[in-house]
Amino acid sequence: MTSFFSSCAAAMVLFLVSAGCTSLDLHPNADQAFREFAPPLAGGSRLTIPVVKRARLANGLRIAVIEDASAATLKIAFADRAASDSGPYNFGLAEFTAAVMRESAEAKANSPSDLVHAVSQRHNQSGTTFQLTILPEQAAAGLDALAGIVEHPSFDANLCAKVRAELKVGYAAQATGVIPSLTYLAAETLFGADHPLAHPIGGTDRDRAEFKDDAAAVFYAARYQPNKSALLFVGSITLEQAVDLAQERFETWRPPAVASPPQEALPPLRPEQQRKPALAIATGGEFATFLLAAPCPARGAPDTIVADLAAELLGNLMQSGVRGRLRSAFGSSYTVSAQCRQSRNSGLFSLEFDTELPRFSTAVHATLAELTQLRTIPPSPSALAAARASYLGRHAESFGTSTGELTMLTDQFSNALPDDFYAQLEARVNAVTPSDVTEYAARWLKESSTIIAAEGEYSGLTDGLSQIGEVQWFEMH
Amino acid sequence: MRAIRGRLLVGAGAAALLLGQARSALASEPCPPPVRYTLSNGLDVYLEEDHRQPLLALRVSYGVGEGNDPKGQKGLAHLVEHLTFRGSRHLDEGQYWTTLERAGASGINGTTDVDRTSYFAVLPAQALELGLWLESERMGFTVERFDKRRFLLEQRTVREEERLRVDQHGAAFEILLSALLGPDHPYASPLDRMSTTENMTLSGAQAFFLDYYRPNNARLVVIGDFRTADARRWVDEYFSALKGAKIPILRAPSATAKPAQRLKFVHQTLTREVAMAWRVPRSSLRETARLELLMRAVLGYLNPQLKTDATAVSSISWSCTSAHLASLCSINALLASSGKHRAVAAAVTDAFATLAEHLQQSDLNQVRLHAELNWLESWEDLSSRALTQEAMMELLQHPIARDDYYRELEAVTLEEVRALVPLFADSLTTSVDTVSGRSPIEGLVSSELP
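Line order of the protein sequences matches chains A and B.
Residue 134 is where the first sequence starts when you use this note's numbering, and the numbers rise one by one after that.
Residue 150 is where the second sequence starts when you use this note's numbering, and the numbers rise one by one after that.
Don't read these hints as lab results, they were simulated from the structure.
Any given hint could turn out to be false.
Chain A is faced by these chain B residues, among others (derived, beta-carbon under 7 Å) [stated by the list, open to error]:
1) W246
2) R251
3) A252
4) E293
5) P339
6) S527
7) E543
8) L544
9) V570
10) L572
Note that the coordinates shown come from a computational prediction; the quantities given were computed from them, not determined experimentally.
For glycine and all other residues, C-beta sits at the position ideal for the given N, C-alpha and C.
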């Protein structure tokens, strides 16, 4: 009732001029008994994992299929574990190699309608994927396109020069965001400049200048091998059909045997005394961007699920964690997000948000308080239940589409996850206890391994970051 | 949470709609045909079963948007959208979110368009009754929880969203819209949108809600894993007691304002953009298919042209939007650091001119295939399909089947696409340049690009 009277009092000011307070009926609908409580939620599983059928060709090429006879489309992908995470010192080489392979196939294509032009090329820290969406009757032509890219590419100097020029333009077009800049800066400070996380997936112009064109041919020969690759299918195709089509095109693919480079160890976390606890990029304006970063487990590690739930609890729930605290404090919370970006060999936890500059200091304080709480006080059962449900809900939504299903297959292969990883996901999520979360946060999100990075106007940032410690200042780009 | 740029619908499907694999409790049951009906209080209801996953998409939309904002209060519809998330007679503040999150909902959000405000989420199958109850709370019982504190918080949040949107997605389109439609048009935005939030009042927000958030101005769409009979029972139980009311009608300006050719603006932004827009006739499904194929052909032709230093873009997109009072198509390019506004705009103009003369059947077939695949993919996504049906019921007055739009895409001829090109002869173009340090800049909407 309090809110009604105050609302009406406020309304009078306006309606003296126009309609009058009495016309504002704030209780237009009568109450009913069933409105007292929200309907209870029925139980049951939240996640239905699609069935994956698998096979392997004689040359070692893996095949994974999610069959859906009713699907109107077919998604096909060639996935390979060639990526920047293969080791330090080759930043951008994986993307450059893949781009030359695709350019080479496009140059050989006879017609603009050749499906090779419809292939998209994707990269992350764990691998490279060439994929396309087609009608089911185009399956053979789609595989032809992928085989044309993957088998016998040319690394001709003209193709390489063209790709270098395009990547330069592409990099200039993309590497300008505040969050990416803060993320690379934080990763470099945590792990050192030689760590893949400190570089864009495709490398910078400077990174690409570090290798010559012939490095792509060497990289291809070492990394693109049938036994390190997979063909993934989602949609209207059976495993038997997929195997037949793949055999016709890939069975004879046997690249010259070269010794695979040893897996180089990634640089460890830099000692705490070699880095400052806060980094800042001074720009200007009325708003500031905040990023908290820390190491987190690699994709297949035992703590993967706890890391994801810790991110949910810290940054992604609307009414608790940092988002809830900022929302109830001053409204500006919609940009808060947290995640553990996991790859095959490493992971980076980040929590980020934008805020008005005068509230930056309060927001930083609230974030640090939430982090301390996560390390020391087990989350309430209801908060953990919300984190579990929200996390599983997002997965369920993803698995409702063929795009999400293909992402699942790619994730499983690129990150070398066990075949039952997703089948066990819901059980593993439900097995996480409040104390697991606290132990995780105490181990991975401890003060000595987290770093804060921010962008905004100098004096506004200084106020907010002073509570953390010494600040190292940078210029944008 | 504001989407002025929602792309008007495209699409349809190939074969008859079949059910998927046995993945849900109801998977073995045949799906009845979709049902559309109206409650006695005027609520428009659409229910479509699809049992491929144990999920459903729920959307409730109201026939109100930024076009209904009172003069000088651009953004009030958006603010009211936010306020309806802050509790109701039977829900404490925040309980809407926590209830849905604990139920395992995802994609929980709201958007405010020029004509429409929509609330949506993807829910586990077992949460339909809960979702309907929560949305009926919003419709019937949120306004009495609007108070000064909530109002001030959301006023600030809306202002921040405005700033973020401009930073991340640019402002060129909104500036262009005002120039194209004239400053007095209901869809036009003032150039200092953020400052107009200061003119809003709590009582204004309450009155706005009471005017427009009524069942006879609302549409409910549910698509997914449920039984129609259950859904009808719950819809009737939770919504039928809510009262309808006379809804204010949005009218077009009496005289069409002459579009500005030069318009001075001051804006904060981190982006460098070129936006170009053209007015087009209000679309039927066939017109929509024609426009989609033309715009895809233009972008397909443009892509290889945008790889020089001068024409480098970080992204380029098209949209065709059909709303009650205006329909338009636009192309928006975010420039790379080396990109020049004039060069990119010239490339776009050149693309239309070239296609008018040289668009070939093989080109059309290629973009048609992409359009069809895109449509089929969007249809399989429950939330995307629910959005499509909501928009179709708004624009065409009826939902569509997957095949409807697919057939239109299949039927469009080369001559039909070419015939559209003259509509794009004269564009209004705007450019926005970047500024370091996010300080305000001045610019001009004109053909004199930097």
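Problem - Hints violated by the structure (listed by number, smallest first) - result: 5, 6, 7, 8, 9 and 10
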